[in-house]
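> Listed below are the residues making up each chain.
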Amino acid sequence: MSLMTGDEKHDAAATSTLDALWVLYDRVLRVSPDRPGDPGRDRFLLSKGHGPMAYYAVLAARGFFPAGWLPGFGSYDSPLGHHPDRTLVPGVEIGSGSLGHGLPLAVGTALGLRARGRSGPRVWVLVGDAELDEGSNHEAIDFAGAAGLDRLHVLVIDNSSASHPLPGGVASRFTAAGWSALTVDGRDHEALYAAYTSRHPGRPHAVVARVEPKHA
Amino acid sequence: MDTMRERFASVVSRLLDEDPRLAVVLAEIGADGFRRAAGRHPDRVVNVGIREQLLVGVGGGLALTGMRPVLHTFASFLVERPFEQLKLDFGHQGTGGVLVSAGGSYDWPAGGFTHMAPGDVALLDTLDGWTVHVPGHPDEAETLLRHACAGGDGRGDDRVYVRLSAQTNARPLPVTGEGFLTVRRGGPGAPAVVAVGPLLGGVLDAVRGLDATVLYAATVRPFDAAALRAAVVGSGAPEVVLVEPYLAGTSTAAAAEALADVPHRILGLGTARAELRRYGTAAEHLAAHGLDPRSLRERITGFTAGAAV
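The listed protein sequences derive, respectively, from chains H and X. Numbering follows UniProt numbering, in which position 5 of the first sequence is assigned residue number 5; successive positions increment by one, without gaps. Numbering follows UniProt numbering, in which position 172 of the second sequence is assigned residue number 172; successive positions increment by one, without gaps.
Bound-form chain X, shown alone (with noise of 0.2 Å):
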């Protein structure tokens, strides 16, 4: 199977050839991914070499043109560094554009704190009309590149941000671009268990036996306030609990918000603001934030126990 990454530019590759409106930005990183499309498409898949600002203001400027552009490298280099960019070179002009990262939190550990992005999600939640897609598997990815290109209703003012992982879950599900699924259901009154992308089999994994409903989310903004709803309908204080590849308690106020009219608890769990300083494997860094299954299983069943009777 190939990576996210390796898809994403065997999959755009191919829309470039289909839709003259698309361009790729690239700042070096994954230009090689591209390497035969820049030669069918010389105007259409610009590198502006390692020049982050550049790539944020450049796609912008494409935008204004009317076409769709499509900008790529690491999440640290496309939300965090150039965030001011992203805010005003799009937003602020009233444009769209598609922003594809890659390596997430910890998809490379060995690389330290540097080339880690815990916070983009969180950073984009304070701009107006960004969707987040978070696949879980490469099919997915597929799937929401294609959605984030198409460029919803065609105005072009669809901001969408695609955030890649070498994290997958073991099989694919018929993800559309909007909401969640409903991937298990519990009982009457069973806690929500909300996964987000590449953590929903460690969830899964982790909630065996236990009574909780399980809601896939590879699309997490817009936040499927309605479905989080139906999963706990019926039940007197709904219990939530969220699964996030990036920091804890980003997505806790959407939820909130969704249950605003009743009794809730909610518990965020996601990776931890504090620097870990440590290298390794993805493996290890998920343990050391608590969302490897064992971890999960504690901290749920420990939170679902915790509730005041």
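Okay, chain H solo, but in the shape it has when bound (with noise of 0.2 Å):
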């Protein structure tokens, strides 16, 4: 991650959500850097793009592309970007920066999944308590809990950067919305895996992974 610069302003972002991610891109996503376009593979979208090196840097070390792009961050030249573009680099799913779309592009991926006929792929979407703020995942979080799509999943990366923060926390968002939710710290690995694989027949399932306090 220290090869890419020149996003301090999202450090921090950055940071909160490298534990997280390596545990489900090391023991949880079945993706492989030779079948990137593989119909069933799993989905990882991030939509928090904000402060993407994490991700990056966990892309590279699985080999979806060279660490030697890393230090071109941000340049005019480099495919990797302040925030990740899904034509540009192999094993994005999703271009994304501006907050709120990744968790209605999940809901649509689960039921386009489904509609093709492929129960096996799972759905991930990574968010930030602060991104919650936008109404569209509102949108997408009432229609998953009624739809029952248990394919979809979202991690929430919970740094109190809200600054209004959700009455009764973040997991009670999703559970009054009929999901399965759970939440754990978020620099745990072994906590983290075992949220991660936690059962949810029925229901979408929501890891709330709490870290440092971003204003702390």
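No lab work stands behind these hints, which were simulated from the structure alone. Hints are not guaranteed to be accurate.
[To be verified] Simulated coverage check for chain X against chain H, where a stretch passes if three residues somewhere in it have a Cβ under 8 Å from a Cβ of chain H:
(1) 63-70
(2) 83-97
(3) 109-119
This one's a predicted model, so the numbers in the text were calculated from it and none came from an experiment. Each residue gets a CB set at the ideal place from its N, CA and C atoms; glycine is no exception.
Using the hints, put the two standalone chains together into the complex.
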């Protein structure tokens, strides 16, 4: 990650996701750099496109692109921008950066996989706790809960960055909509893994990974 | 005769039976028309409730899995309200889909301005790669919807907007999904009037007895520059009148670009930018916007008479 400079404003956003991303890519997601377009792959959608350094570092470590791309981060000739672009980077499922787009896209992806008869692939989307300010997320949360989209998973990186936190905490927002939800220490790899792999038949699943507050 | 919206529901319901790639996404509005199709294809007819940002996001997500999504609601809630979703969830992702709107600019005047979208086509003009169809008859709507659902060359990144209306012309024309049709050819140097979708009938009434060429655009984007140039070929200083059932001037820039190498004059007619703040009927709104045959004739003859000699 230290190879990527120029977006220090988002350093906190980047490091907040590192452990959660690593455990997800290392132990849960069925994705392969050899077959980035495999229709049966799991989908990971980085909705919170801010501070994608950890994401790029994980993708490079998993072999989706050469680590030699990292130092170019944010430059004109680099495919790695301060917000990712799916058309430029292997393994990146969506272009993001504008908040509140990933979860609705993930709902559509889950529906599309179901319509194509693919019950295997799981859909994961990473959002930030402050990103949940955006109303589009709430349209998606309520619909996904009502529709029982059990292939859908949301990873909320909660670094207490919302100016107006959700009353009752993040997890209760999801459980109120019929989701399964667990809150864990976002630096504890075993706890993350257990939460990621918890069973949630008939319901979408949210994992709230709590990390150091942004404004501590 | 059924309406364009009824034709949309019946045709796309049949296409759902034929094309497993096709999916319809609704936000309550229009759900009744797809009730039987939803029974047959519960995974491919999705009503997300009154959630228009989700409507577009779900469409974008379906496209990411290789489906061909068809999204439908009123134009104001399909294009204007979730506009950034259209920009990012389709174009920026490099994917495609079909937007099918109803209501247009003045289909429900008694509903007032909250249910009017005179700016939809102009908004889409700020984005890359959207084809825009404005059928003038239910039969044309069927042809254009089939064309849109087929998805161009099959790569799946074909983005199409179909603007359905309650206003129709008396008879359909043989539209193909591409380009303008020449409906009436004037003499050398005659002005070219481009009539869009359901305004063709009124335009033909307006130019009766006048020397004018009339082009019919049921597909306005891409703008058929070649047809416009052909219509005014040989004219030293072409005069062009655009008659569009949405914001006046929406296609003026496209027409000017088509004629960039010749001195020309363009009159862009359409709905006014200012709110009427009136209810009433579509006929009253057409007249208020100067789009009824009598107003059109006055404005067209006034424009051509006003040419500097």
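> Decide, hint by hint, whether the structure agrees.
Results for each hint:
1. 63-70: holds (count 6)
2. 83-97: The restraint on the stretch 83-97 of chain X holds, since 7 of its residues have a Cβ under 8 Å from chain H and three suffice.
3. 109-119: violated (count 0)
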